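Using the hints, position chain B against chain A.
If you read the sequences in order, they're chains A and B. So in the UniProt record's numbering, spot 256 of the first sequence is number 256, and the numbers just go up one at a time. So in the UniProt record's numbering, spot 199 of the second sequence is number 199, and the numbers just go up one at a time.
Heads up, the list lumps identical chains together, so a pair's fine if it works in one copy or across two of them.
Calculated cross-link-like contacts (lysine-lysine; reagent style DSSO-like; alpha-carbon spacing at most 30 Å):
{"id": "1", "residue 1": "Lys310", "residue 2": "Lys208"}
{"id": "2", "residue 1": "Lys310", "residue 2": "Lys258"}
{"id": "3", "residue 1": "Lys232", "residue 2": "Lys208"}
{"id": "4", "residue 1": "Lys5", "residue 2": "Lys44"}
{"id": "5", "residue 1": "Lys306", "residue 2": "Lys193"}
{"id": "6", "residue 1": "Lys306", "residue 2": "Lys258"}
{"id": "7", "residue 1": "Lys208", "residue 2": "Lys306"}
Worth flagging that the hints you see were computed from the coordinates, not collected in a lab. Being a predicted model, the structure only gives us computed values, none of them experimental.
Each chain is listed here by its residues.
2 protein chains.
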Amino acid sequence: MKKFKIAIVGATGAVGREMLRCVFQFNFPFESIKLLASARSAGKEIEFEGHKFVVEELTENSFEGVEVAFWSAGGSISEKYMKYAVEAGCVNIDNTSHFRMDPNVPLVVPEVNGEALVNHHGIISCPNCTTIMMCSALTRLNDEFDIERIVVSTYQAVSGAGVAGMEELYRQSQEVLDGKEPVAKTLPCAGDKKHFPIAFNCIPQVDKFDLSNGYSKEEIKMVNETKKIFNKDIEVNATCVRVPVLRGHSESIYIETKKPIDMDKVFELLGNSTGIDLCDDLANQVYPMPTSFIGDELTHVGRVRKDLYKDNALSLWITGDQLMKGAAYNSVDIGLKMIELGLLK
Amino acid sequence: MKKFKIAIVGATGAVGREMLRCVFQFNFPFESIKLLASARSAGKEIEFEGHKFVVEELTENSFEGVEVAFWSAGGSISEKYMKYAVEAGCVNIDNTSHFRMDPNVPLVVPEVNGEALVNHHGIISCPNCTTIMMCSALTRLNDEFDIERIVVSTYQAVSGAGVAGMEELYRQSQEVLDGKEPVAKTLPCAGDKKHFPIAFNCIPQVDKFDLSNGYSKEEIKMVNETKKIFNKDIEVNATCVRVPVLRGHSESIYIETKKPIDMDKVFELLGNSTGIDLCDDLANQVYPMPTSFIGDELTHVGRVRKDLYKDNALSLWITGDQLMKGAAYNSVDIGLKMIELGLLK
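For reference, chain A alone in the conformation it holds in the complex (with noise of 0.2 Å):
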């Protein structure tokens, strides 16, 4: 089997590290692996299984002789750099929402729609954590009872602000069980004027607001993004709840579906459905939870059950480890189904 010389953007972030782990342990054939990151992160150091890594500085050069790269820099970093990779000739799989909604680049979750890889150009997207699990979770519904609306709300862990975001609980949490004020730096997100305590809190708001809509962009990507992935007019409403949770996302989910749904089989798909573990025994208390499967690559679905009266509709709760399948894994599980499908030679 062919090895490829691959690249790794944004190294030493929290996706980054990952992203790193996960070729490892999913067994991604490479050659080389090059860690990139910004000039203040270069020279540094990354051992794992092994092997000794030495960051380098991302430029527009890093991609000669590169055949894959895996973005995960932030999407000001994905504009200005990826023309370069594509020029280089490199494959590049991203996770930041830079070209999710170009029409010439897939929007990939493997088991979901796989095959729009063949249409790529260069660039594949990776979709954001919270519409990843929504996905995976819900296609094998869709193809059989075929969903119209989704209702959802999230309960998302601070990983999606990176490294910082799991300090600031750690530290905040500290600072409350201590009397003190707890000191808000980074959530809700880096880019908005006020910042909130997430220690002991919830807080409504996730990405910046469209002012336009009343819906922050974390909403409106779960909107477009399950479009574009199952490629048909399914209707979302979403609102994203960031939670004190430090890296397991959560999602509560209420489809309506065009046929009415038979139970039984409900139980029969989302047991036998790649990348999902059911997880539903309520006489034992089984259900999951954001803590429960840190580090694992998959899906966990419990607490499915019909709505009380319409006979198309069903409720379910969804947990992942949000820097796993709704990040790193599902890039990593990108290039692995490009390999399947002859598209990286």
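Structure of chain B alone, referenced to chain A:
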């Protein structure tokens, strides 16, 4: 104005303490206050606003001469002792779930259905915390647009599990920060088999499950109580989740109405509703958070926005102090409403 001989049953619990505070803060006209609790707490001294109270043991004979009693000592206590209070001529405002669905017992949120109080027979029920806040937020919208369906996901504080839940969150948080395994003794609910840590976690279980339909009792409370309070067939789909917050509940609410929604009217109604604090200015990142308004009696409403597809659908985000609007304040407010209506003499 007449002053009443009152009692608080369960006076040493998290809600009972707030009931005493509300009696003073909202000027419930009392001649005397008797604090009742289990034998274990009898003899305990409680000082408040210059008054010194000695907790007495609840017995069958506790209600002689008592005119109004506020109950929050658990459903089994209400079941066992309230009949003696009724026989003694005492009017009872019960914060437990025991009598809520009894057709002879009004279930009241004063600003929603205060008029239902006229049909009382000595017992009035205070709804579940999540139901009170939701009905309070939605009542004016229901009057105007005729709500047909609600999809709600809750973010419930640990105070719903009483003092023990609150202590557990703080203790577990420190355990996690110290690198220890958090010990779970109370949550998700006292009567179930397993307990899970709530620190840095979300638990999609509040109260026990009804295995016949897959919903928790807390979710079914929201379904049934909402119908009874609004006295119409609103279809509620609820997902109740415990989050690591001390005492502020939050709810992500989606409604569908019979009539098309006029957003100007929505903001006018919410801005001029009894018991509602409209807190919605996205340009300045103003929205309610559960830590923002601890100790007050209002339901705080924000993130109000129309659905992107349906002209008759709307989303909003509400928070409220679970112990206040969600329990103690609503109970005392029922008493004040009864005085206003001439039902307490």
